[in-house]
Amino acid sequence: MGTGSKSSHQSYAVGPTALAESPSAPVELAGVQAGEEIAGGAASGGGTAGPGVQEPLPDKADSPQDTDAALEALLQEPGSVEELGVPGPMSAEEEPPTQVAPVDEAEPLVQEQSEEGVSAAGEASAVPAADDEAKADGDETDPPLTPVPTAPPVGEPTGTPILVGGDDFIHSEATLIAYDSPDGPREVLLTHVSEEAEEKLLDALSIPGTHMEDVEVEEEVKERLDLDKQKKLGELTKTAVTSVQHKLKGHLPMSEASAAKHQAAVDAVSAVLNDPGVSDDEKAMAQHYMDQLDVVKDKIANGGEPMSWMQPYEVTATKMVTKQVAVPNGEPEPGSLGATVREASRIKAEFDTETGQSSWDGVARSHANGTEYEIDMGDGWKAVYRPYKENDPSSTEYSLRGQLEVHAPVGAGHGKDLVERLEQLHLVNKPMTAAEGEWTYLSNNIQAQGLGKAAGMKAAMDTAQGLEDLQVQEIVHQRMDSLMGLDSDDLQIQMKRIQLEAAQKVLPMKVEVVRDAVAKASGFSGGAALAASPGYEPTPATSGRWLTWSRFDVTGKQEEVKQAFSGRSLTHSIGSGDLAGLLSTGVLASTEKRTTMGIGSGVGMSEEDDKMTGGANSVFLRVKPTSSDLDGGVLVWDDPSVLMRRSDYYGYNGDHYGAINPNHHNYSANAITRDPMKIATFYSDSNEVMFRGGLDLLGAEAPSRIVCESAGERKKILASFSARGITELGGKPVEDVLCVTDN
Amino acid sequence: MAAEQQWRRRFLDLLAGNHSTTGDPVDAGARLVVCDPDGEEVFRAALARHSRFMDDGQGVWVRPLIGGKATGDGYLFNLGIARRRALQWTEARIVDGAVAMELVTGQRARVEPADAAELAELNRWEEFTDRLTQQEELALERLDADSWHGRFS
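Chains as they are written, first to last, in the numbering used here: chain B, 1 to 743; chain W, 744 to 896.
Bound conformation, chain B alone (with noise of 0.2 Å):
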C-alpha cells in the first residue's frame, strides 16, 4: 500500500473476499511481504458459477486437522474455489440477476501484485511468505492503460479519467476530480462500484447502527407574516396575478373572473391596510401586496406584456430550530472502518461559466432519494458510498446505486493515494494492465453485441474457470507443506493470494480462450484473425474527457456502419439553451456527470425522473434523417459512426424515459437494442439513442454540425473558440462546423 500511513489503518487482500463463510469483520493480512500484498479483486471464480452462485469453502477449520481436511476438499472439488472471487465482468448496473446471460458470468479480470508491496499494517506474520514465484513479474512490462496523477488539476469540472484493474467498477472507470476550494484544492475520486464487488466492500466496514438524536441549531429563516398566511393576502393576489398573467402570455382578452380575482385581492389587503390595530410590520406586508395589485390593474386595463415574478412578503428570522442527526450506537468492530447510516446526498459543486471551473467547499451536499454510507477511514480521508444493497430500485434513484466517492484530506497531491486507498474498501486499487484491458474489452464487447448466449460462449467460460482452478490446485500441491498447520484464518489469507496468483497467471491463457470464442461467435475464423483485423482495438480511447471502449463490430465495419446510417443523424437539441456555455465546459454530459461538475441546482427530484430510470447516467440522442429542418440550439453528428463505436451506448425507438432499470415502468427488455444496425433504422420521433456518461465535443467524438440559433451566437462561439485555440472539430474547420439556422 501507498498509503503511508499503515498505523491508521488496516490492509486487507482486496479482491476474492466474498468467502461463502466470510468472518464478520475482514481478514487481516498483516505483515504481508515486500512485493505480496495483492491489490487485485478481481480474480475470478463466479466463472460459470455467475455471481452469486458461490460454493462454500470448507467449514473453517478449527485445527491443523480440519485444514488438512480442508485443503483435502479444496484439492478433489474442481472449481470449489470458485467461492473465493466472484464478480463477473458485466456491469451489474442494466440487467436483473435472473436476466443475466451466460457471459455476464463471466470471469472478471486478474489482479497484478502490488507494485509497492509495503507490509500491511507494518504488522509482524504467522504466515509463510508465499514464495517468490508466485509475485507477478508483469508489473514492470506491463504498464498501467492511464496513469494516475499525482495532483489532478484544481479545478478542471470532469475531473482525470483512469481506468482501476479488475472489475469492481462499472466499466473499470474511476475519476479523479480536485475541485477548487478557499481552503486548497479539494481532491476527490468518483466510480460506480458493481455490484458484485459490493460485498467486498461491506465487509470492510463496520456499521454499528445510528439512532436520532435532537440538535437544537440556530438558523435563519424565511417566512410570511402570520397576518399574511391568516388573511390568505399572498395567496389572492397570486391567483389574481396568475389569471391575469395568463391572459397577457396568451394575447387573450381579460376576463371578468380575472377582474374578479383582483377585486377579491384588493378587498382583503385593503381590509388590512385600513385596520387601525395592525403593526407597522403588517402594514408593510399589506402594501407590498396592494402595490403588486396596482400593477395587476393596470394591466387589466391597459394590457400590455406580461409581468414580473411577484414574491410573496416574507422576512428574515432567526429561530432555534430542532434537527434530527444520525449518531452511531457504539465504537466499530476492530480492525474495519466505522460508517454511518444516513440519507443520500450529492457533492454540490459549483461551476463558474466564466472560469469554466468547478469549486467545491467540502460540505455543501445536495438531497438525493436513497441511502448512503459515510465512512471513516482515518486520518482525515472518509468515503461515501450509495450501496445497492440499501437503495431498492424501485424506490429510489437507480443511478445512484454504487456510486463511491472518496475523498482526500484537503490539499493538493492525494491522487495516487486515492486510488491505493480503495483497499481500504478491499477494492482493486491498482491502475488497469493492458492484459486488463483485453479482458474488459472483449466483456464489453460480449455485452454489446449480444454474444452471451452464442455457441461456445459458455463452453469458454468454463475452459478458463477450469484454468484457473488446475492452476490453483498446482500452486497448492506446489506449497502444500507450508499450507498444512496453518490455522483457519491464514489458511484463508493463503488461498485468496493463490487464488489471485492463479487468476494472474492464466490470465493470457484466459484470454486467448475467451477471445477465441468471440471471434467464432462473430464470423472470425479463430481469435488470432479477430485480433489481427483492423477493428481489434483492445485498449481505451482517450479523447480528453472520457474513456471509452469501442466495439469491433463497428470498428470492423465502419463503412458497412456509415452505409446503414446513409441520410440519417444521431442530433442533440438544447433548444434555447445556453449553448456558448456548454460548449465552454467542452462536453455533453449525463445528469450525473453534471452534478459531479457542479453544473445545475440539484433541485427536485420525481419518480419519473432519469435518476429513477437509470438514464441519468447517459446523455441522449436521437436518430434524425440528415435533411431535417432544425432550429437553433442543435448537436448533429453526420457520420453516428463516430459514436457508433463505443460499445457504451443502448437506444429505443421510442421514448422509454433512458430506462436501464429493469425495475422500472419504462423499461422494456423487448424494446431496448445495441445494435447499431437496428439503431440506424430508428424511425420515431422519440426515439432515443443513450451513451453512458457524455460526449467529449471537442474532440474525437465532436459533431459534424453545430447549429447556432442566431449570427450573433455562432459569433460568439467562434471568439470563444479562438481564444482557446480551437480551429478544428473533428478534422472540420470551426467555421464550417458552426452555422445558423437559416443555413
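Some clues are possibly wrong.
Have a look at the derived ranges for each label pair, beta carbon to beta carbon [stated by the list, open to error]: (1) W:Ala860 to B:Arg342: 54 to 64 Å; (2) W:Glu784 to B:Asn302: 44 to 54 Å; (3) B:Thr727 to W:Gly800: 42 to 52 Å.
Once the Cα atoms are required to be at most 27 Å apart in a straight line, the calculated BS3-like pairs of lysine-lysine come out as [to be verified]: (4) B:Lys348 to B:Lys323; (5) B:Lys382 to B:Lys323; (6) B:Lys453 to B:Lys382; (7) B:Lys232 to W:Lys812; (8) B:Lys716 to B:Lys732; (9) W:Lys812 to B:Lys348; (10) W:Lys812 to B:Lys229; (11) B:Lys348 to B:Lys416; (12) B:Lys323 to W:Lys812; (13) W:Lys812 to B:Lys222; (14) W:Lys812 to B:Lys453; (15) B:Lys520 to B:Lys453; (16) W:Lys812 to B:Lys231.
Note that these hints are calculated values from the structure, not bench results. Glycine residues also receive a C-beta, built at the ideal position from the N, C-alpha and C atoms.
For chain B, the structure is supplied; the task is to place chain W on it using the hints.
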C-alpha cells in the same frame, strides 16, 4: 377522421383549461395518468399547457410537471427534470370527457381534467414560469429540447 379531430380538440382543450367551470381557464388544466397493461397505475402528473403533435401523426410531445420542490427561494422546478415526454398511440378516443390512448408501449394513458394535487402543481408551475424570460418560456413551449442548459437545471 372526425373522431381524431374530436379527441385532439378535446386534448388541447384539457391542457388549455377550457373546461373550467369558473370562467377562467387558469382554474383548470390537465393531468396524465398512465397504467401498465395489467391496469396498475405507474404515472400521474399534471401537464403544462403546451403540446406539440409529431409530424408522423402518431405522437405528441407534452411536459409532465414533475420534480417541483419548495425551496428557500420559493417553489421551483428543475427544467432538466421537467423535460418533454412523448406519448405515442396506436389508438385514441374520448372516454368520459378524457382522452384515452392505447400507447405503443402497451400501456394505457388518460389525459383528463386535473384536480387536487395535480391542479395545485399546475398553479405552482404557472407561477414559476413568471420567473422565466420570454425566450425561456418560448423554448419550453417549443418542446424541442432534449436537455436544458441554463437556469433552473
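Note to self: Between the alpha carbons of Lys348 of chain B and Lys323 of chain B, is the straight-line distance 27 Å or under?
What the structure shows: Satisfied, since the Cα-Cα distance of roughly 21 Å is no more than 27 Å.
Notebook entry, point to check: Would the pair Lys812 of chain W and Lys222 of chain B pass a check requiring their Cα atoms to be no farther apart than 27 Å?
Noted result: Holds: Lys812 of chain W and Lys222 of chain B sit about 16 Å apart, inside 27 Å.
Check: When you check the alpha-carbon spacing of Lys453 of chain B and Lys382 of chain B, does it fall within 27 Å?
Finding: violated (42 Å)
Check: Given a hinted range of 42 to 52 Å, is it respected by the beta-carbon distance of Thr727 of chain B and Gly800 of chain W?
Finding: holds (44 Å)
Notebook entry, point to check: Is the hinted range of 54 to 64 Å satisfied by the C-beta distance from Ala860 of chain W to Arg342 of chain B?
Noted result: Cβ of Ala860 of chain W to Cβ of Arg342 of chain B: about 29 Å, so the range 54 to 64 Å is violated.
Note to self: Hinted pair, alpha-carbon criterion (27 Å max): Lys812 of chain W, Lys229 of chain B. Please report holds or violated.
What the structure shows: Given pair Lys812 of chain W, Lys229 of chain B holds - Cα atoms ~20 Å apart, limit 27 Å.
Notebook entry, point to check: When you take the CB atoms of Glu784 of chain W and Asn302 of chain B, is the distance between them in 44 to 54 Å?
Noted result: Taking Cβ atoms as reference, Glu784 of chain W and Asn302 of chain B lie about 46 Å apart, which means the hint holds.
Note to self: Check the hint pairing Lys520 of chain B with Lys453 of chain B against an upper bound of 27 Å on the C-alpha distance.
What the structure shows: holds (13 Å)
Note to self: Run the distance test for Lys348 of chain B versus Lys416 of chain B: straight-line Cα separation, threshold 27 Å.
What the structure shows: With Cα atoms ~24 Å apart, Lys348 of chain B and Lys416 of chain B stay inside 27 Å; holds.
Next item on the list: Below or equal to 27 Å on CA atoms is what counts here, so check Lys716 of chain B against Lys732 of chain B.
Entry: holds (19 Å)
Check: Does the alpha-carbon distance linking Lys812 of chain W and Lys231 of chain B stay inside the 27 Å limit?
Finding: holds (24 Å)
Next item on the list: Measure nothing beyond the straight line between the CA atoms of Lys323 of chain B and Lys812 of chain W; if it is 27 Å or shorter, mark the hint as holding.
Entry: holds (20 Å)
Checked against the numbered hints given earlier, the structure breaks hints 1, 6, 14 and satisfies all the rest.
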